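Engineer: Residues per chain are reported as follows:
Protein chains: 2
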Amino acid sequence: MLIVQKYGGTSVGTLERIANVAQRVIETKNDGNKVIVVVSAMSGETNKLVDFAHHFSKTPATRDMDILLSSGERVTAALLSIALQEKGYKAVALTGRQAGIITDNSFTKARIDRIDTSYMQKLVDDDCIVVVAGFQGITEDGSVTTLGRGGSDLTAVAIAGAIEAELCEIFTDVDGVYTTDPRIEPKAKKLDMVSYDEMLELASLGAKVLQNRSVELAKKLNVNLVTRNSFNNNQGTLITKEENIMEKPIVSGIALDKNQARVSVINVDDKPGIAANIFRKLAEENINVDMIVQTVGHDGKTDIDFTVPESELERTKIVMGKLSDSYKNVEYDASIAKVSIVGVGMKSHSGVASKAFDTMAKENINIVMISTSEIKISMVIDSKYSELAVRTLHEAYELDK
Amino acid sequence: MLIVQKYGGTSVGTLERIANVAQRVIETKNDGNKVIVVVSAMSGETNKLVDFAHHFSKTPATRDMDILLSSGERVTAALLSIALQEKGYKAVALTGRQAGIITDNSFTKARIDRIDTSYMQKLVDDDCIVVVAGFQGITEDGSVTTLGRGGSDLTAVAIAGAIEAELCEIFTDVDGVYTTDPRIEPKAKKLDMVSYDEMLELASLGAKVLQNRSVELAKKLNVNLVTRNSFNNNQGTLITKEENIMEKPIVSGIALDKNQARVSVINVDDKPGIAANIFRKLAEENINVDMIVQTVGHDGKTDIDFTVPESELERTKIVMGKLSDSYKNVEYDASIAKVSIVGVGMKSHSGVASKAFDTMAKENINIVMISTSEIKISMVIDSKYSELAVRTLHEAYELDK
Chain V
189 MLIVQKYGGT SVGTLERIAN VAQRVIETKN DGNKVIVVVS AMSGETNKLV
239 DFAHHFSKTP ATRDMDILLS SGERVTAALL SIALQEKGYK AVALTGRQAG
289 IITDNSFTKA RIDRIDTSYM QKLVDDDCIV VVAGFQGITE DGSVTTLGRG
339 GSDLTAVAIA GAIEAELCEI FTDVDGVYTT DPRIEPKAKK LDMVSYDEML
389 ELASLGAKVL QNRSVELAKK LNVNLVTRNS FNNNQGTLIT KEENIMEKPI
439 VSGIALDKNQ ARVSVINVDD KPGIAANIFR KLAEENINVD MIVQTVGHDG
489 KTDIDFTVPE SELERTKIVM GKLSDSYKNV EYDASIAKVS IVGVGMKSHS
539 GVASKAFDTM AKENINIVMI STSEIKISMV IDSKYSELAV RTLHEAYELD
589 K
Chain E
189 MLIVQKYGGT SVGTLERIAN VAQRVIETKN DGNKVIVVVS AMSGETNKLV
239 DFAHHFSKTP ATRDMDILLS SGERVTAALL SIALQEKGYK AVALTGRQAG
289 IITDNSFTKA RIDRIDTSYM QKLVDDDCIV VVAGFQGITE DGSVTTLGRG
339 GSDLTAVAIA GAIEAELCEI FTDVDGVYTT DPRIEPKAKK LDMVSYDEML
389 ELASLGAKVL QNRSVELAKK LNVNLVTRNS FNNNQGTLIT KEENIMEKPI
439 VSGIALDKNQ ARVSVINVDD KPGIAANIFR KLAEENINVD MIVQTVGHDG
489 KTDIDFTVPE SELERTKIVM GKLSDSYKNV EYDASIAKVS IVGVGMKSHS
539 GVASKAFDTM AKENINIVMI STSEIKISMV IDSKYSELAV RTLHEAYELD
589 K
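Taken in sequence, the protein lines are chains V and E. Residue numbers for the first sequence follow the working numbering, beginning at 189 and rising by one. Residue numbers for the second sequence follow the working numbering, beginning at 189 and rising by one.
Since the hints were derived computationally from the structure, they do not count as laboratory data. Note that the structure is predicted; figures quoted are calculated from it, not measured. All the pointers check out, no bait thrown in.
You can't tell identical chains apart in this list, so a pair holds if it fits in one copy or across any two.
Heads up, simulated DSS-like pairs for lysine-lysine below, C-alpha to C-alpha not over 30 Å straight-line: (1) LYS278 / LYS246; (2) LYS278 / LYS297; (3) LYS297 / LYS275; (4) LYS246 / LYS236; (5) LYS535 / LYS550; (6) LYS310 / LYS246; (7) LYS278 / LYS236; (8) LYS429 / LYS378; (9) LYS275 / LYS246; (10) LYS246 / LYS217; (11) LYS429 / LYS377; (12) LYS217 / LYS278; (13) LYS589 / LYS535; (14) LYS572 / LYS550.
Could you put the whole structure together from the sequences, leaning on the hints where they help?
Structural biologist: As structure tokens, then:
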């Protein structure tokens, strides 16, 4: 079958590791597959280039940044192709442009518009291993662009979708997606399969195996995504559409996000437009609001609670300070954590939420905010209880079994 | 006027030096000029990448090498453009492809076929400083190529020719072209002007300011070339066509080449085809023969003397050993030096050669071979006398005056 593999910066961080990647690619090829490989820059290279640019300017032109930043992936692609040929395999390195990756002109964070796969297809048909420099493309009029954070993953997923590869394997330095962060709960188990939607919830909530952009694109293009460890031969986690997952677990994992802060607007007038006014101002300042909770008011007054990234709390305070006096009774709390229970199976099972609340109550953990979706229950608690909450929930849903 | 400037690896070897280059470019711009800048990779970068490739293969695919090696110049171009913009100037970095440089497909040593200057012209007309990544281009069908040694100089000269720039300034770490090597003769003087043909003779004979390819291209495209020092404001040396040089000096410089070896084929049959046979075999092995001297024979026998680069002497011996017995009487001498007197003015002056021979005779230096062209007299001598020969000739032709 046709497999797209992507190796991240750590996996190609040294010449020895590139040799190791070459070996893996060869094994995949020898198993009878056709292979397209997407590579990142050697770890540290991109940061070095960014530092160079910042030596000259705090706000370097994004157009020039893309010529600068796209160089690291080209180096890795060329080296891997050379290594593969030395072992007797047909291989060729391609830049983003040569791989046919056409983007919009949002320099440093371009979106892939389309991929002209004809040249890659020709090479693959010719039994050649194609090595693509990740993270980059060109605009319709020929300017070099880069795709922003997680750009190489995105390159791999987009190519897999466009060329209709059977599998897209993303190699990192972890084994896959876990039921929760193993540093918090050593009994955490690696998941064999997870749906796109579950992965989206798990990723945004802190399980940083894959950027959401890549998972969203995989979902849109129906790409079977596997996250694997480039330093061992473990099976990894398949991220696929829900229909492909036979036995749907009620709960797949527990995610923790400690980088949120809570904002409580107390005793505002309970009338239309109040919430809209707050969140429009925050949006204008590009502040990402995550959870929003508003309770039914009484006496014509209500409370609005929401969370923002902790790093944006100071800017949030400035925005809130500029609002009219009616919103001036505001409390802020940076010492919170958001614990989430994620699972496609909870759609068809009742009692998942109540078990979560029971578990918190037994441990005497106060729940400050609650927000639920079809496949997720999120609770905001005092951050000092976050590890305890994760461990007890992990046990309560028997995720270690 | 429109000026193309080229800065080599040493001139952009650190971030501080790139800042220094930005300052120079700005001064040129502020003098009322339009500027296109061609840059090399930061010194050491290209060698580092070559070492990386050789870690995997002694004979890496040249096509991949070009994707690898073209990355260094892109980094410098982006950084310089960022530095210029930070100082308030309009600037844009271009890759070789974006600069419209189309080459043949001789990877790692491509020749420039043509330059589509339309995009650069538009930017220049728009008062923008254009910063081009040197040393690279693409083939007609879109593969990345590099131009080989001296490739960035070549990029600058070719752009200057194609866009009809008034001047092409090549910045290195020396002040220009000297009457002879200042390390041998401290009284050596920098030349203000030198013709293309003189420069070709001086370069090939050891004055390594410019690669011959660049001088040849400048001559062909009629580009006024200036070599200057990026670390001071000295005037440099203008390399231009002979007609532009008003006062033609009889002798412009003394060049020394110690990296030659002499091969003497003694007592071969003096009949047609003998010399041709030797030099065809050497050419088949890609051995560069420099001087060839054959004297009028007697008794049906003659001697053929020639020189090859010292580094190719061992391969030469192998070729000579395979020739038929009639050529077997061969002597080799690696301890020779070639001293050359170069000057366009000697065309119209007699006595230049005899002064050279007189000078050698006075110092008791035996001349082993002599070869002359319209603008050059070359003498092969014992290498132990080479510095003495250069100094006495320099004085005899009053080059220190």
